[in-house]
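Can you build the whole structure from these sequences, using the hints too?
Spelled out, the chains give:
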Amino acid sequence: MTQITFIEPSGNEVTLDIKDGWSLMQGATSGGVDGIVAECGGSCACATCHCYVDEARLAELPAPGDAELAMLENVAAERRPNSRLSCQLKAMPSLVGLRVALPDTQE
Amino acid sequence: MAGGIVIVGAGQAGVQAAEALRSGGFEGAITLLGDEPHGPYHRPPLSKAWLAGEIDAAQLMMRAPEMLARKRIDLRTGVHVQAIDRTSKSLRLADGSALPYDGLVLATGSTPRTLTLPGHDAPNVLALRSRDDASAISAGLQACIASGQPVVVIGGGFIGLEVAATARKKGAAVSVLEAAPRLLGRVLAPTLSDWVAAVHRSHDVQLELGITIESIGIDAGGRAVAVQAADGRRFAAGLVVVGIGVTANDQLARAVGLECDRGIVVDDCARTADPAIVAAGDCTARRLTDGTLLRLESVNNATEQGKSAAAALLGQARPFAGTPWFWSDQYDKKLQMAGLSTGAQSWAVRGAMAAGSFSVWHYRDGRLIAVDAVSHARDHLLSRKLLDAGITPTPEQVQDAGFDLVGLMNR
Numbered sequence: 002m003t004q005i006t007f008i009e010p011s012g013n014e015v016t017l018d019i020k021d022g023w024s025l026m027q028g029a030t031s032g033g034v035d036g037i038v039a040e041c042g043g044s045c046a047c048a049t050c051h052c053y054v055d056e057a058r059l060a061e062l063p064a065p066g067d068a069e070l071a072m073l074e075n076v077a078a079e080r081r082p083n084s085r086l087s088c089q090l091k092a093m094p095s096l097v098g099l100r101v102a103l104p105d106t107q108e
Numbered sequence: 021m022a023g024g025i026v027i028v029g030a031g032q033a034g035v036q037a038a039e040a041l042r043s044g045g046f047e048g049a050i051t052l053l054g055d056e057p058h059g060p061y062h063r064p065p066l067s068k069a070w071l072a073g074e075i076d077a078a079q080l081m082m083r084a085p086e087m088l089a090r091k092r093i094d095l096r097t098g099v100h101v102q103a104i105d106r107t108s109k110s111l112r113l114a115d116g117s118a119l120p121y122d123g124l125v126l127a128t129g130s131t132p133r134t135l136t137l138p139g140h141d142a143p144n145v146l147a148l149r150s151r152d153d154a155s156a157i158s159a160g161l162q163a164c165i166a167s168g169q170p171v172v173v174i175g176g177g178f179i180g181l182e183v184a185a186t187a188r189k190k191g192a193a194v195s196v197l198e199a200a201p202r203l204l205g206r207v208l209a210p211t212l213s214d215w216v217a218a219v220h221r222s223h224d225v226q227l228e229l230g231i232t233i234e235s236i237g238i239d240a241g242g243r244a245v246a247v248q249a250a251d252g253r254r255f256a257a258g259l260v261v262v263g264i265g266v267t268a269n270d271q272l273a274r275a276v277g278l279e280c281d282r283g284i285v286v287d288d289c290a291r292t293a294d295p296a297i298v299a300a301g302d303c304t305a306r307r308l309t310d311g312t313l314l315r316l317e318s319v320n321n322a323t324e325q326g327k328s329a330a331a332a333l334l335g336q337a338r339p340f341a342g343t344p345w346f347w348s349d350q351y352d353k354k355l356q357m358a359g360l361s362t363g364a365q366s367w368a369v370r371g372a373m374a375a376g377s378f379s380v381w382h383y384r385d386g387r388l389i390a391v392d393a394v395s396h397a398r399d400h401l402l403s404r405k406l407l408d409a410g411i412t413p414t415p416e417q418v419q420d421a422g423f424d425l426v427g428l429m430n431r
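First to last, the sequence lines map onto chains A and B. Counted from 1, the first sequence has number 80 at position 79 by the numbering used here; the numbering is strictly sequential. Counted from 1, the second sequence has number 49 at position 29 by the numbering used here; the numbering is strictly sequential.
Calculated from the structure, these hints are not laboratory results. Yeah, the Cβ is synthetic: ideal placement off N, Cα and C, and Gly gets one too. Be careful, since some hints might not be right.
[Stated by the list, open to error] BS3-like, lysine-lysine: derived pairs with alpha carbons at most 30 Å apart:
# : chain 1 : residue 1 : chain 2 : residue 2
1 : B       : 109       : B       : 190
2 : B       : 354       : B       : 189
3 : A       : 20        : B       : 189
4 : B       : 190       : A       : 91
5 : A       : 91        : B       : 109
[As the list claims (entries may be wrong)] Reference listing, derived: stretches of chain B covered by chain A, where coverage requires no fewer than 3 residues with Cβ under 8 Å from a Cβ of chain A:
#  : stretch
6  : 61-67
7  : 74-82
8  : 86-96
9  : 343-357
10 : 394-406
Next up, the structure:
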């Protein structure tokens, strides 16, 4: 279990213990976090699970693959240097305490 | 509004409609009826990660119950709707009760076609639609792997090919039997059909095209043990997965006189002829401006029509937006398709097919109509933008890997 804090579009913060190996999208949606649509169910095909990760910890995350980079060009909200797709980020102990903000819009 | 809005079907289209109603400012009651015992879940992983046993039910969940509750979406599972009464604006449920509505969204999905051959109803002849279907196939797959029995997939469509890929990944011997002379012949260019076939064969799938199935052979206990072809060949099977398409669940609408033609006929804003009833997703057939009907079975269609259906009940016209898109994951390959390739006359390939990352561009009457990208998300997304904008790159531009197709967008 890795503790991750999600900041919903309203500013409301939700801290969840996510099983290691689960994607942050899976953890957030099953945990009732608002702000993720995840149309494609985690297939890296829709860009509706866009999130902004804590910039200070960006370098700790595995780098995005080609498919994620391409899909990030298609996000509905502003793309920023710390934009990621939450379906491509897996919970793991090194990410404990990571703060992940969700954009105002996904579609 | 006393009855509020009732949504029949808690899948992709139904959930999308419910959430779009709330985000669109609807404050009344929203009731989301699902006939399965489970709350909303993602269907795409069913033929992949779920079938492989790699994810659990919580990971498959589309929305947590508390999320729906926060949005005041009243989810009721295990509810079967028997009939619509358009006069009293109410539904009759299987338990005999009536449920009034002011607005009704039909998002009833589709049902897999079944074989009508001898032996088709054996307990290990299965189709994939629901989570429970996929769980049953997963159990059958495990049993095949444990006993060394092969899996036979009837139908070389997306579902069948995804099941075949997952079964191979898990170590089962797999045959795919397809009646047509090539795979996915209605959607893919011939060159891509051949490429997909080669991928499956390279993963040791026994792929038989142009084959006619005569019967399912059963043992004394009634279980399927083989698939018998008309040409005399016999394919031993511990599990038979049937993926030969779906039919729209349009019975409720048909029974009350709403136009149905292989689906509930809706306009581009998901409206039926009854202003209180809209429909979205797999259960629909969309009337295009030229009068023809378009049936799409996809996540993209379900979400787009779900949004249109919600808007229609709020008095707004929201036409289906953008080029339709689809995807399929097989082995480590991602096939992403944009547009409708029906009637394509010529094709151009961008990138190296041998390297496994390329795209096939479909042309009809000199215009770009569809693009299939293999493990090339950039080409896929770019093609959606070009198709949305009605821009046709020449086949020469497409084939020239050095040509900047993105630049066409900015002219």
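Q) Within the stretch 343-357 of chain B, is the number of residues with a Cβ closer than 8 Å to a Cβ of chain A three or more? A) It holds: at least three residues are needed, and the stretch 343-357 of chain B offers 4 whose Cβ sits within less than 8 Å of chain A.
(Q) Please verify the coverage claim for the stretch 61-67 of chain B: does it have three or more residues whose C-beta sits within 8 Å of some C-beta in chain A? (A) Result for this restraint: holds, n = 4.
Q.
Verify this for me: three or more residues of the stretch 74-82 of chain B with a beta carbon less than 8 Å from a beta carbon of chain A.
A. Result for this restraint: holds, n = 6.
(Q) Checking one constraint from the list: CA of residue 354 of chain B to CA of residue 189 of chain B, max 30 Å. Satisfied? (A) Within the cut-off at roughly 15 Å; holds.
Q. Does the alpha-carbon distance linking residue 190 of chain B and residue 91 of chain A stay inside the 30 Å limit?
A. holds (22 Å)
Q. For the pair supplied as a hint, residue 109 of chain B and residue 190 of chain B, is the alpha-carbon distance within the 30 Å limit?
A. The given pair, whose Cα atoms are some 50 Å apart, is violated under the 30 Å limit.
Q | Per-stretch coverage check for the stretch 394-406 of chain B, three Cβ contacts closer than 8 Å to chain A | A | holds (count 5)
Q: Please work out if residue 20 of chain A and residue 189 of chain B have their alpha carbons no farther apart than 30 Å.
A: Since the Cα atoms of residue 20 of chain A and residue 189 of chain B sit roughly 24 Å apart, the hinted pair holds (cutoff 30 Å).
Q. Taking a Cβ-to-Cβ distance below 8 Å as contact, does the stretch 86-96 of chain B have at least three residues touching chain A?
A. holds (count 3)
Q. When you check the alpha-carbon spacing of residue 91 of chain A and residue 109 of chain B, does it fall within 30 Å?
A. violated (47 Å)
Hints 1, 5, counting from the list given before, are not met by this structure.
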